[in-house]
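Asks: Place chain B on chain A using the hints.
Protein chains: 2
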Amino acid sequence: MAGDKTYIDISRAKCEQRDRLIRDEWKISQKLALGNNVLEVPRTCGVLSEREINITEYNDALDIIERIRQQVYTAEEVALAFCKRAAIAQQLTNCLTEIFFEEAIERARQLDKERAVNPSTPLKPLHGLPISLKDSFNIPGLDSTIGMTYFANKPATEYSALPKLLLDLGAVLYCKTNVPQTMMTADSDNNVFGRTLNPSNLKLTAGGSSGGEGSLIAMKGSVLGIGTDIAGSIRIPSVCNGIYGARPSSGIVPFAGQQSPEDPGMPGIEVVAGPMAISMRACSFFMKTIMSAEPWRYDSSCLHLRWQGQLNSRKPRIGVVFDDGLYTPFPPVRRAIQEAAQKLRDSGVDVVELRLPNVAEAVGITYGMFALDGCQFVQDLIKAGKEPEVESVKRVNLAAIPKSSLQDYMDLNAGRRKLQAVYHDFWLGNNLDALILPPAPQTATPFDEWGPISYTMLWNFLDYPATIIPTGRVQESDVVDGEESALYSEADLKNYKLYDSTETYRDAPLSIQVVGMRQEDEALAEIAGLVDSILNHSETG
Amino acid sequence: MAGDKTYIDISRAKCEQRDRLIRDEWKISQKLALGNNVLEVPRTCGVLSEREINITEYNDALDIIERIRQQVYTAEEVALAFCKRAAIAQQLTNCLTEIFFEEAIERARQLDKERAVNPSTPLKPLHGLPISLKDSFNIPGLDSTIGMTYFANKPATEYSALPKLLLDLGAVLYCKTNVPQTMMTADSDNNVFGRTLNPSNLKLTAGGSSGGEGSLIAMKGSVLGIGTDIAGSIRIPSVCNGIYGARPSSGIVPFAGQQSPEDPGMPGIEVVAGPMAISMRACSFFMKTIMSAEPWRYDSSCLHLRWQGQLNSRKPRIGVVFDDGLYTPFPPVRRAIQEAAQKLRDSGVDVVELRLPNVAEAVGITYGMFALDGCQFVQDLIKAGKEPEVESVKRVNLAAIPKSSLQDYMDLNAGRRKLQAVYHDFWLGNNLDALILPPAPQTATPFDEWGPISYTMLWNFLDYPATIIPTGRVQESDVVDGEESALYSEADLKNYKLYDSTETYRDAPLSIQVVGMRQEDEALAEIAGLVDSILNHSETG
Numbered sequence: 001m002a003g004d005k006t007y008i009d010i011s012r013a014k015c016e017q018r019d020r021l022i023r024d025e026w027k028i029s030q031k032l033a034l035g036n037n038v039l040e041v042p043r044t045c046g047v048l049s050e051r052e053i054n055i056t057e058y059n060d061a062l063d064i065i066e067r068i069r070q071q072v073y074t075a076e077e078v079a080l081a082f083c084k085r086a087a088i089a090q091q092l093t094n095c096l097t098e099i100f101f102e103e104a105i106e107r108a109r110q111l112d113k114e115r116a117v118n119p120s121t122p123l124k125p126l127h128g129l130p131i132s133l134k135d136s137f138n139i140p141g142l143d144s145t146i147g148m149t150y151f152a153n154k155p156a157t158e159y160s161a162l163p164k165l166l167l168d169l170g171a172v173l174y175c176k177t178n179v180p181q182t183m184m185t186a187d188s189d190n191n192v193f194g195r196t197l198n199p200s201n202l203k204l205t206a207g208g209s210s211g212g213e214g215s216l217i218a219m220k221g222s223v224l225g226i227g228t229d230i231a232g233s234i235r236i237p238s239v240c241n242g243i244y245g246a247r248p249s250s251g252i253v254p255f256a257g258q259q260s261p262e263d264p265g266m267p268g269i270e271v272v273a274g275p276m277a278i279s280m281r282a283c284s285f286f287m288k289t290i291m292s293a294e295p296w297r298y299d300s301s302c303l304h305l306r307w308q309g310q311l312n313s314r315k316p317r318i319g320v321v322f323d324d325g326l327y328t329p330f331p332p333v334r335r336a337i338q339e340a341a342q343k344l345r346d347s348g349v350d351v352v353e354l355r356l357p358n359v360a361e362a363v364g365i366t367y368g369m370f371a372l373d374g375c376q377f378v379q380d381l382i383k384a385g386k387e388p389e390v391e392s393v394k395r396v397n398l399a400a401i402p403k404s405s406l407q408d409y410m411d412l413n414a415g416r417r418k419l420q421a422v423y424h425d426f427w428l429g430n431n432l433d434a435l436i437l438p439p440a441p442q443t444a445t446p447f448d449e450w451g452p453i454s455y456t457m458l459w460n461f462l463d464y465p466a467t468i469i470p471t472g473r474v475q476e477s478d479v480v481d482g483e484e485s486a487l488y489s490e491a492d493l494k495n496y497k498l499y500d501s502t503e504t505y506r507d508a509p510l511s512i513q514v515v516g517m518r519q520e521d522e523a524l525a526e527i528a529g530l531v532d533s534i535l536n537h538s539e540t541g
Numbered sequence: 001m002a003g004d005k006t007y008i009d010i011s012r013a014k015c016e017q018r019d020r021l022i023r024d025e026w027k028i029s030q031k032l033a034l035g036n037n038v039l040e041v042p043r044t045c046g047v048l049s050e051r052e053i054n055i056t057e058y059n060d061a062l063d064i065i066e067r068i069r070q071q072v073y074t075a076e077e078v079a080l081a082f083c084k085r086a087a088i089a090q091q092l093t094n095c096l097t098e099i100f101f102e103e104a105i106e107r108a109r110q111l112d113k114e115r116a117v118n119p120s121t122p123l124k125p126l127h128g129l130p131i132s133l134k135d136s137f138n139i140p141g142l143d144s145t146i147g148m149t150y151f152a153n154k155p156a157t158e159y160s161a162l163p164k165l166l167l168d169l170g171a172v173l174y175c176k177t178n179v180p181q182t183m184m185t186a187d188s189d190n191n192v193f194g195r196t197l198n199p200s201n202l203k204l205t206a207g208g209s210s211g212g213e214g215s216l217i218a219m220k221g222s223v224l225g226i227g228t229d230i231a232g233s234i235r236i237p238s239v240c241n242g243i244y245g246a247r248p249s250s251g252i253v254p255f256a257g258q259q260s261p262e263d264p265g266m267p268g269i270e271v272v273a274g275p276m277a278i279s280m281r282a283c284s285f286f287m288k289t290i291m292s293a294e295p296w297r298y299d300s301s302c303l304h305l306r307w308q309g310q311l312n313s314r315k316p317r318i319g320v321v322f323d324d325g326l327y328t329p330f331p332p333v334r335r336a337i338q339e340a341a342q343k344l345r346d347s348g349v350d351v352v353e354l355r356l357p358n359v360a361e362a363v364g365i366t367y368g369m370f371a372l373d374g375c376q377f378v379q380d381l382i383k384a385g386k387e388p389e390v391e392s393v394k395r396v397n398l399a400a401i402p403k404s405s406l407q408d409y410m411d412l413n414a415g416r417r418k419l420q421a422v423y424h425d426f427w428l429g430n431n432l433d434a435l436i437l438p439p440a441p442q443t444a445t446p447f448d449e450w451g452p453i454s455y456t457m458l459w460n461f462l463d464y465p466a467t468i469i470p471t472g473r474v475q476e477s478d479v480v481d482g483e484e485s486a487l488y489s490e491a492d493l494k495n496y497k498l499y500d501s502t503e504t505y506r507d508a509p510l511s512i513q514v515v516g517m518r519q520e521d522e523a524l525a526e527i528a529g530l531v532d533s534i535l536n537h538s539e540t541g
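If you read the protein sequences in the order shown, they are chains A and B. Per UniProt numbering, residue 1 is the first one in the first sequence, and the count goes up by one each step. Per UniProt numbering, residue 1 is the first one in the second sequence, and the count goes up by one each step.
Just so you know, these hints were derived from the structure itself, not from any lab. One should not assume that every hint holds.
For lysine to aspartate or glutamate, the following EDC-like pairs were computed, each having C-alpha atoms within a straight-line distance of at most 16 angstroms [to be verified]:
id: 1; chain 1: B; residue 1: K403; chain 2: A; residue 2: D408
id: 2; chain 1: A; residue 1: K403; chain 2: B; residue 2: D408
id: 3; chain 1: A; residue 1: K418; chain 2: B; residue 2: D408
id: 4; chain 1: B; residue 1: K418; chain 2: A; residue 2: D263
With the rest of the complex left out, here is chain A:
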């Protein structure tokens, strides 16, 4: 009987079932992964043709759409190329959960066929674009285990709102990606599919909770993936893997109908869906496409905000925050934000150095809101799955979290409203178009060591949109410095000491975070594009 299977049996069956969905001719020799950095293996492993390497390596999402549109590529060959590359990524980093490559290739073939039959029908905005999804999105017939044994072998019967919209816009969905048990930590490790690895350095965390997406996209097994973010779950794996990722304001991208580790009536910090990609413009294009598609028709909780298509003409004014006053950034992280600020200044941007108000208070309220039910709902799910906690979940110490009362919640709510007004005044008072700051004090860390999340979580608390822009990698010059740099607290010092050598952090990506005003996601897309072009695409950049 199924009920008697242990979590290990269930995991073995799930993984075997998944692995059987990779064609034999796409299997690679494990010997190919010799070093800790496996980013080059897809190109060299012999599974991909030259043309498939070109398709997957030298195109972002907009290029793919344009080249299918111009009939340089067929939708089918694009789908095939990304399925193969995703299969290679899976074998190297364990980034996938549910695979539906054959259905995707068949859908792409159908899109090509329909186009051939009706050549005058206008193509949909995402015609033929392969898009990968975090495991929490429901697709009929597939599990959404979200890293929990309890949800294994309970296939979804309905689409979540967003995949339905993406399909209606012409996209090709082909795989779902791995997450942490509970989706509450930054290490994508669980008892169903195991741990996702970081292809830049297999000894560092891939981040989480959208860690499978981060790893897959870094491997160019996907040009555009969808993650979710309640405290940094899009941005942390974007940082760890050196890709772009955007946490939209809440209510803009449809979120309804996902598998969740929370009580369905849970109030508080809003979890949102958003894009992860190999280019900034792909994130912005995703936002534009969704906001132009009346997404509220797919999700009754979506706002009726529209993409305006208007550009800001004034000279941008950007605040820069070097640290959040709670945790000291690692030396390479300090370098990344300092270099970014300098390049923006050199390009004529009006850069003003700022300190963030009330961060500790905001962090306290946010943690309070996350744990309103004492994390009882998720603990019940773990118990129901008869599985142990993975290491990163153990470190949270769920059992020690107290339950809140309704008055506690109202006090947290009042505190949040007050600080939202404080930041509102801070933003308008400083006349900002954007803020840049580190996305975390750390880079990707060794497993289960991901530290403070105040740098990302603050923007969930405030509901401001925030985008990750990669800017480089740890260098030999990012030497370990004295402990006297980290003076905020014992916790600060403990985290800071994790940066013990450039060797441990070899090839770890660096990024900055660009933050916009709440619900001004369109304005943020514009200014993040400008920042990216100055940092990554200018001749002096």
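Replies: Frame of chain A; chain B shown alone:
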């Protein structure tokens, strides 16, 4: 010592203070109010000049703005005329709380002067328009008692967000208007200022909680006032007084910084501010003006929705709901909605008869959300003010309301999200541009008898915008019919039996309610304008 004063002493002082702010030459003889209908008294009492009668009687908010713009009227004479007429209204209906006529006239004089000095400076969109405000809005130096002794003689030190925005847009504020003790009932009666009367019939309720606004506007002592609505508090007094009133979607009109009878962290049903006026187009103009003014700069909780300025070209499709399945409309209310539906059909509108889903469940969740804290916060305010409950509050029986737990709240929240999705599908599935339905089963009732609020409250629960359009008054032909008409429940029958004769309800206004899709306030403004023109301004209408 002030602390030893009884609530009666405090009330007497507050009322005397208020009455002293009415110039002696604006005082009328109480003998003028001979019948129950005092709507004609301002015109006949001799206080207003011919020109002041013309200014106040034959102009809506847009006319006033246009005639000041064209220098047909000065801002000062407009302010003076409305202050005088508001003073007359106050003497007949007790609709005002705080009076600041002299400051308003002085501000209008300044606006005229600045314009004369700088004739080329573009006028602000509300230049010179007098706007009245519900008592809950804070104006520095004035009390916001919201009908509670506790708040008397505690003048505000800061503006609420909306009056600040209105002043920045050029408006002239001149008075605040009466509400029920607690703002939680539909009878604007309290121990500070007493009861506001309905000028259409002094023996019927003026409604609430924005009852002072309703009465003042019906007297044409204001062309545009601002109310607030959490269950019908804009719409009920609009119905009772035969004026237009709109409950916007939440987050569109700034609400921050008001006096409140609730815990500042209270979650649940959103209370909103919105317009009340003598014309439909004034309500729409208000929404357009606010949505075009980046209102989020004034209130950090405002959405960043913009007025689009685009018209819908398709033939409108309007659902009509004759009753809500819980409460049977009075005979004149039935006539009003039936006649409205017929006129729309006759004008070529695609009208489809519908029944609302899950109303009882929605009502249950809404009441649960209103009473999360067992109404303890407001009971504490009453106790702190050492005042008794007024009759309409007594009937609520606050002490009997149980407190909810956090899990209770999460269950209510989950239920609300589910029903919001049900209505979303209902709306899209029926391909609606709007719904029309009665605003209540009753017309204005005798004092303290206002009955079911399910017809208005449902749209707060769903957060859909809803507008009141007056269509006529009770007629002799609206005869009392048999009790067999009201069969839903004992409560239904009890309410229905209140309609005991056309004489009791003489001159009671009739209205319909026009509902739009959540956050489609602009689309609703357009279609409500069309409905109003068909019902009230067409040759056959």
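Asks: Are the hints correct? Go through all of them and say.
Replies: Each hint tested on the structure:
no. : hint               : in the structure
1   : K403(B) to D408(A) : holds (14 angstroms)
2   : K403(A) to D408(B) : holds (14 angstroms)
3   : K418(A) to D408(B) : violated (25 angstroms)
4   : K418(B) to D263(A) : holds (13 angstroms)
When each numbered hint is compared with the structure, a violation occurs for hint 3 only.
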